[in-house]
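J.: Work out the full structure: start from the sequences and follow the hints.
Protein chains: 2
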Amino acid sequence: MSYQAPLRDMRFVLHELFDAAGHCERLGNGLDRELIDGVLEEAAVFAAGEVAPLNRNSDEEGCHLENGQVSTPKGFAEAYRQYVDNGWASMTGPVEHGGQGFPQLVAFAFHEMLMGASLSFRVYSGLTEGAVLALHKHGSETLKQQYLGKLVSGQWTGTMCLTEPQAGTDLALLRTRAEPQADGSYRVSGSKIFISGGEQDISENIVHLVLARLPDAPAGVKGISLLLVPKFIAAADGTPGERNTLSCGAIEHKMGIKGASTCVMNFDGATGWLVGEANQGLACMFTMMNDARFQVGLQGLGIGEAAFQGALRYARERLQSRGLAGVQAPDKAADPIIVHPDVRRMLLTQKALVEGSRMLAAYTARQLDLVHGAESAEARKAAGKRAALLIPIVKAFFTDMGQEVASHGVQVYGGHGFIREWGMEQLMRDSRITQLYEGTNGIQALDYIRRKLLGDGGAELSALQAEFSQLCDAEADRRALAQMASVVQARLGEWRELSTEVIAACQRDPQEIGATSVDFLQYSAYVLLAGFWLQAAARAQDALEAGSGEAAFYQAKLHSAEFYLRRVLPRASAHREALLGGAQCLMAMDEDSFAF
Amino acid sequence: MSYQAPLRDMRFVLHELFDAAGHCERLGNGLDRELIDGVLEEAAVFAAGEVAPLNRNSDEEGCHLENGQVSTPKGFAEAYRQYVDNGWASMTGPVEHGGQGFPQLVAFAFHEMLMGASLSFRVYSGLTEGAVLALHKHGSETLKQQYLGKLVSGQWTGTMCLTEPQAGTDLALLRTRAEPQADGSYRVSGSKIFISGGEQDISENIVHLVLARLPDAPAGVKGISLLLVPKFIAAADGTPGERNTLSCGAIEHKMGIKGASTCVMNFDGATGWLVGEANQGLACMFTMMNDARFQVGLQGLGIGEAAFQGALRYARERLQSRGLAGVQAPDKAADPIIVHPDVRRMLLTQKALVEGSRMLAAYTARQLDLVHGAESAEARKAAGKRAALLIPIVKAFFTDMGQEVASHGVQVYGGHGFIREWGMEQLMRDSRITQLYEGTNGIQALDYIRRKLLGDGGAELSALQAEFSQLCDAEADRRALAQMASVVQARLGEWRELSTEVIAACQRDPQEIGATSVDFLQYSAYVLLAGFWLQAAARAQDALEAGSGEAAFYQAKLHSAEFYLRRVLPRASAHREALLGGAQCLMAMDEDSFAF
Chain Z
247 MSYQAPLRDM RFVLHELFDA AGHCERLGNG LDRELIDGVL EEAAVFAAGE VAPLNRNSDE
307 EGCHLENGQV STPKGFAEAY RQYVDNGWAS MTGPVEHGGQ GFPQLVAFAF HEMLMGASLS
367 FRVYSGLTEG AVLALHKHGS ETLKQQYLGK LVSGQWTGTM CLTEPQAGTD LALLRTRAEP
427 QADGSYRVSG SKIFISGGEQ DISENIVHLV LARLPDAPAG VKGISLLLVP KFIAAADGTP
487 GERNTLSCGA IEHKMGIKGA STCVMNFDGA TGWLVGEANQ GLACMFTMMN DARFQVGLQG
547 LGIGEAAFQG ALRYARERLQ SRGLAGVQAP DKAADPIIVH PDVRRMLLTQ KALVEGSRML
607 AAYTARQLDL VHGAESAEAR KAAGKRAALL IPIVKAFFTD MGQEVASHGV QVYGGHGFIR
667 EWGMEQLMRD SRITQLYEGT NGIQALDYIR RKLLGDGGAE LSALQAEFSQ LCDAEADRRA
727 LAQMASVVQA RLGEWRELST EVIAACQRDP QEIGATSVDF LQYSAYVLLA GFWLQAAARA
787 QDALEAGSGE AAFYQAKLHS AEFYLRRVLP RASAHREALL GGAQCLMAMD EDSFAF
Chain A
247 MSYQAPLRDM RFVLHELFDA AGHCERLGNG LDRELIDGVL EEAAVFAAGE VAPLNRNSDE
307 EGCHLENGQV STPKGFAEAY RQYVDNGWAS MTGPVEHGGQ GFPQLVAFAF HEMLMGASLS
367 FRVYSGLTEG AVLALHKHGS ETLKQQYLGK LVSGQWTGTM CLTEPQAGTD LALLRTRAEP
427 QADGSYRVSG SKIFISGGEQ DISENIVHLV LARLPDAPAG VKGISLLLVP KFIAAADGTP
487 GERNTLSCGA IEHKMGIKGA STCVMNFDGA TGWLVGEANQ GLACMFTMMN DARFQVGLQG
547 LGIGEAAFQG ALRYARERLQ SRGLAGVQAP DKAADPIIVH PDVRRMLLTQ KALVEGSRML
607 AAYTARQLDL VHGAESAEAR KAAGKRAALL IPIVKAFFTD MGQEVASHGV QVYGGHGFIR
667 EWGMEQLMRD SRITQLYEGT NGIQALDYIR RKLLGDGGAE LSALQAEFSQ LCDAEADRRA
727 LAQMASVVQA RLGEWRELST EVIAACQRDP QEIGATSVDF LQYSAYVLLA GFWLQAAARA
787 QDALEAGSGE AAFYQAKLHS AEFYLRRVLP RASAHREALL GGAQCLMAMD EDSFAF
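Chains as they are written, first to last, in the working numbering: chain Z, 247 to 842; chain A, 247 to 842.
Derived by calculation from the structure, the hints in this document are not laboratory data.
No residue lacks a Cβ here, since even glycine has one placed at the ideal position from N, Cα and C.
Treat each hint with caution, since some may be false.
Derived DEER-like restraints, expressed as beta-carbon distance ranges [said to hold, decoys possible]: (1) A:L826 with Z:R696: 33 to 43 Å; (2) Z:V573 with A:L311: 36 to 46 Å; (3) Z:D719 with A:D836: 28 to 38 Å; (4) A:Q315 with Z:D331: 45 to 55 Å; (5) A:N313 with Z:R421: 50 to 60 Å; (6) Z:E288 with A:P576: 57 to 67 Å; (7) Z:V573 with A:R254: 46 to 56 Å; (8) A:A481 with Z:A323: 57 to 67 Å.
In silico negatives: residues of chain A with every beta carbon more than 12 Å from chain Z [claimed, not checked]: (9) G268; (10) L281; (11) G295; (12) S317; (13) K390; (14) R626; (15) K627; (16) A712; (17) A726; (18) E747; (19) Q787.
Here are the simulated DSS-like cross-link-like pairs (lysine-lysine), alpha carbons at most 30 Å apart as the crow flies [said to hold, decoys possible]: (20) A:K578 with Z:K468; (21) A:K468 with A:K627; (22) Z:K627 with Z:K390; (23) A:K631 with A:K468; (24) A:K468 with A:K383; (25) Z:K578 with A:K468.
T.: Right under this line is the structure:
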């Protein structure tokens with residue numbers, strides 16, 4: 247499996263759809279179009295040249311625990327060293343702590359490349375960025391001075407220690423304890439599971455952010471605090487000092503991402519320090535939640551792109567049977583399978599979902615930038631609302647999409663798709679975790695309905711729908727796009743009606759929240775992508791009308807948009823009908839009767 | 247992962263829906279209801295007690311090739327010995343060759359159990375049954391006398407050697423050669439890949455059925471012959487004699503079914519004998535194709551059942567968060583996750599798809615029995631047409647369904663679903679092959695449209711639709727079922743119209759065959775299952791009205807039927823809309839433009 251970053255499409259999305267250079271200018275970060283393109287080209291070289299070649303072996307070799315030490319697959323440590331040395335680790339870090347302060351609208355493209363090149367490799371650095379966010383926002387000056395610079399540079403890595411055997415989705419149940427000491431530190435004791443990068447051999451120190459309870463904490467989620475618990479306590483000179491009393495008890499044997507160590511971490515009175523206020527741990531975690539969920543969404547996107555590339559390559563090379571309308575390659579023993587309509591259906595489904603999701607990723611990244619970087623407080627607040635609405639969609643839809651697209655990749659390869667050396671089945675196995683961690687996709691859908699839709703009575707969603715509706719109006723009079731615009735406009739109208747019905751149903755019966763959530767999220771995502779495909783088609787039509795020298799590229803965009811509207815968007819109908827089926831048919835079955 | 251055969255539902259399907267005892271009486275095989283139930287109970291003990299416990303380890307241990315010998319996972323050889331000794335292997339074999347001649351309507355339930363207990367274990371015996379069919383129908387008396395009895399008893403196993411590196415779907419491309427010898431035998435030379443059970447240590451001999459070309463054979467599929475090539479040539483006394491010149495060159499490293507050896511088989515002038523006429527090899531393979539594809543469909547069904555059982559067990563045990571309508575288990579730290587509507591949605595989707603598919607499996611099994619066992623030639627022919635129409639649906643829909651249901655299983659487990667020891671992710675990996683082998687699901691869909699639908703201008707499908715429509719009419723006046731009957735009746739009407747449109751489109755443009763195939767197959771399956779769920783509801787209503795002592799069981803059937811119609815059947819709408827999107831949007835994209 248070779249991987250090449252989809253640079254042309256990324257430039258289309260960044261510049262032609264979302265004016266990345268103008269965005270950067272407004273943010274005042276000094277990036278212009280040339281610089282952005284230069285960084286992405288270098289990033290593509292790093293992802294394809296240094297990371298992607300490690301991926302296949304990392305799956306075979308996995309991680310190993312011996313005498314408390316975890317060894318990562320061959321090449322990971324060296325590639326990570328380059329990642330740090332070349333400044334990739336610090337791309338999004340805060341400038342005042344040595345970071346480069348890249349906006350998400352640019353950085354997301356690099357992160358997508360990393361995910362596509364090797365999800366296992368990306369896991370280590372992705373969580374570090376989350377730790378940086380939390381520490382930057384909530385950490386004391388002392389903690390920041392000791393730990394933040396090293397995390398920003400990537401010399402030290404970070405983890406999130408949330409889950410315990412009895413507390414996954416439900417953090418109210420967690421039991422890890424933190425006892426205050428006379429010197430202001432805490433002694434942390436308890437066992438955490440599913441800790442990605444909890445122990446490894448790629449960084450000289452590991453900084454754990456641990457959720458725990460203080461002795462007098464109230465029960466439930468209001469009694470949870472966040473603590474920084476390093477593997478080595480930072481010495482005065484900034485080097486890793488005293489070894490803390492925490493250890494990796496086991497590593498998990500998993501379906502995929504075998505190059506990422508997933509650890510049971512035991513804290514035995516380990517020394518830690520409070521991050522943020524006592525009992526405010528969950529609020530601190532929320533700081534990084536948008537970012538972390540956005541990153542997991544990008545994992546689905548990156549794997550989807552990798553699967554599409556693999557499938558396309560094979561479909562053009564593999565000769566098997568003749569086309570339904572006659573021989574296409576008379577000089578060959580059989581036609582390449584890309585001539586078969588059903589193979590094209592799979593490839594185009596991959597392409598339309600991946601490129602459509604990339605547009606939504608960029609749109610969301612832009613909002614994430616504006617949350618901090620917009621000029622007015624009002625604009626920052628508006629961006630915050632928009633990002634909050636979209637994050638659960640990005641996380642859940644992209645990761646479901648990544649799994650589907652990886653599965654199409656396997657299917658295009660036929661029997662070879664099932665064989666490990668071809669690399670396609672690994673993409674399915676690696677991507678399956680993305681639907682589970684950082685809040686299962688069911689939890690994302692609950693968040694979307696309960697907090698985001700019901701939270702403001704549907705106001706923010708209405709605003710989003712209105713924005714897309716205006717985009718349709720703008721294209722409705724152009725002959726080449728009128729038909730597409732009317733299809734999207736009709737769906738937007740349907741979406742508005744459906745939103746009203748969902749809100750009313752949920753207000754009538756709280757079970758409807760969970761009964762409609764997944765289908766409504768999926769419905770929303772398919773209609774949103776239709777809106778983005780209309781925009782892509784419009785920009786492609788602009789370029790063609792302006793006599794672009796890349797006519798084939800823009801023509802392909804029009805074809806993909808047409809395909810999406812005709813053959814993917816219909817899925818929205820099924821989700822709509824299903825959710826209107828209601829909660830009653832879910833709740834009627836007696837618990838014991840499931841077993842019949 | 248423990249596995250328990252779903253005996254109550256199997257009895258419901260066999261007796262209450264399809265009158266298995268009456269069916270057996272008409273076939274004259276001496277099986278009555280008591281005997282059938284007794285056999286299934288014993289089968290359930292074997293599947294749960296002897297086979298299922300091997301499954302988890304078989305995935306970890308896999309198969310190993312050393313010095314040309316393949317070792318299967320611990321326990322497989324012993325379990326296979328019991329399988330043979332206890333007569334399970336010979337269940338469906340022809341009576342005149344030592345088989346027990348069980349009808350498919352009964353045997354399918356046992357085979358589903360085996361698939362659910364361990365797909366890897368079942369692979370070895372499943373292919374042997376295919377070899378029995380081919381040899382029984384096409385083999386010479388001498389070959390039958392030497393090999394058939396041992397295959398029927400299961401002492402010897404069989405394989406199907408079709409695929410070569412350059413010839414998968416497209417058998418016209420195969421190159422293996424068979425040179426006639428003076429004594430009437432052939433010397434077979436060539437390399438075959440993906441040969442399940444090609445080499446193993448569970449049976450004393452392996453009988454390969456090999457597709458090859460004779461020296462003067464015409465090109466393409468009309469020049470393919472079928473040969474029997476045993477690992478050990480049968481000695482005069484019926485024991486394995488001379489070792490033949492064939493060997494296992496490698497075993498594949500796969501995503502799943504790691505307990506099943508998947509071999510590269512090299513034939514180096516190996517001695518073989520023609521089965522059937524020269525150049526009629528494909529016709530001979532067709533003999534076993536219906537059976538083989540039906541069996542692969544059952545693999546999806548069996549794995550689906552296993553995944554449902556695992557998910558249900560976990561959903562009732564795992565405590566996490568509180569119900570949306572308030573605390574459900576105040577004595578516990580949290581509610582079992584089965585109280586959450588979205589978890590119920592996943593469980594009921596599993597249940598409704600698995601039980602719905604089981605009804606279609608039984609219906610199809612009954613037709614397969616009637617192909618040989620119906621009294622009149624006319625009835626045998628009618629059953630043959632019906633079975634031929636349904637087989638591609640069973641194969642493709644059940645295996646897609648199995649993968650989906652296994653994925654729901656992983657999702658219900660949350661992060662634990664990704665961990666190997668819990669067994670859920672293995673079901674996903676194991677079932678993924680079923681969508682690929684024995685003809686990819688895309689090939690099944692082509693077969694459904696091209697041979698089955700266009701082959702007779704839609705006549706057989708019309709007959710099936712009419713049969714289901716009559717069933718709706720029969721229930722339309724019963725108050726409890728009228729609403730369900732009208733939903734199903736409306737879909738049947740829509741299906742009829744859609745069939746006409748699909749036929750017209752395919753006649754207008756051959757690309758529409760491949761452009762509509764997968765969506766039309768899926769659409770058909772969802773509507774068919776709706777018809778079966780209506781029948782299940784009707785029998786449940788009968789039982790309730792008759793004052794059955796199992797009211798909870800029948801009430802659950804009514805709930806499941808309601809759930810299926812409200813929340814699963816809507817998927818048909820998406821497939822209908824998508825296929826009406828047509829071929830143009832698939833074929834318009836230039837081959838080179840996919841890569842943009």
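J.: Now look at each hint and say whether the structure bears it out.
T.: Okay, the hints, checked on the actual structure:
A C-beta distance of roughly 36 Å is found between A:L826 and Z:R696, which places it inside the suggested range of 33 to 43 Å. A hinted range of 36 to 46 Å for the beta carbons of Z:V573 and A:L311 is consistent with their spacing of about 40 Å. At roughly 32 Å, the beta carbons of Z:D719 and A:D836 sit within the given window of 28 to 38 Å. Separation of A:Q315 from Z:D331 is about 50 Å and conforms to the stated range, judged on CB atoms against 45 to 55 Å.
A hinted range of 50 to 60 Å for the beta carbons of A:N313 and Z:R421 is consistent with their spacing of about 53 Å. Here the CB-CB span from Z:E288 to A:P576 is close to 59 Å, well matched to the stated 57 to 67 Å. Checked against the hint of 46 to 56 Å, the C-beta distance between Z:V573 and A:R254 comes to roughly 55 Å, which is consistent with it. Distance hint check for A:A481 and Z:A323: the Cβ-Cβ separation is about 60 Å, which falls inside the suggested range of 57 to 67 Å.
The beta carbon of A:G268 is kept farther than 12 Å from every beta carbon of chain Z, the shortest such distance being approximately 24 Å. The beta carbon of A:L281 is kept farther than 12 Å from every beta carbon of chain Z, the shortest such distance being approximately 24 Å. The non-interface label for A:G295 is consistent with chain Z: the shortest C-beta to C-beta separation is roughly 20 Å, beyond 12 Å. Under the 12 Å C-beta cut-off, the non-interface status given to A:S317 relative to chain Z holds; the minimum distance is some 20 Å.
Non-interface status of A:K390 relative to chain Z is upheld: no Cβ of that chain comes within 12 Å, the nearest being about 31 Å off. Annotated as non-interface, A:R626 keeps its C-beta farther than 12 Å from every C-beta of chain Z; the closest such distance is 32 Å. At the 12 Å boundary, the C-beta of A:K627 stays outside the reach of chain Z, the nearest C-beta of that chain being 29 Å off. For A:A712, the non-interface assignment is confirmed: its Cβ lies about 26 Å from the closest Cβ of chain Z, beyond the 12 Å cut-off.
With a minimum CB-CB distance of about 14 Å to chain Z, A:A726 clears the 12 Å threshold, and the non-interface call stands. For A:E747, the condition that its CB be more than 12 Å from all CB atoms of chain Z holds, with the nearest at approximately 15 Å. Every C-beta of chain Z lies more than 12 Å from that of A:Q787, the closest at about 15 Å, which supports listing it as non-interface. Pair hint A:K578 plus Z:K468 holds up; C-alpha atoms about 19 Å apart against a cutoff of 30 Å.
Taken as a hint, the A:K468 and A:K627 pair is honoured in the structure, with Cα atoms around 25 Å apart against an allowance of 30 Å. For the hint linking Z:K627 to Z:K390, the alpha-carbon distance of about 27 Å falls within 30 Å, and the restraint holds. Pair hint A:K631 plus A:K468 holds up; C-alpha atoms about 24 Å apart against a cutoff of 30 Å. At most 30 Å may separate the alpha-carbon atoms for a hinted pair to count; A:K468 and A:K383 meet this at roughly 20 Å.
Pair hint Z:K578 plus A:K468 holds up; C-alpha atoms about 19 Å apart against a cutoff of 30 Å.
The structure agrees with every numbered hint stated previously.
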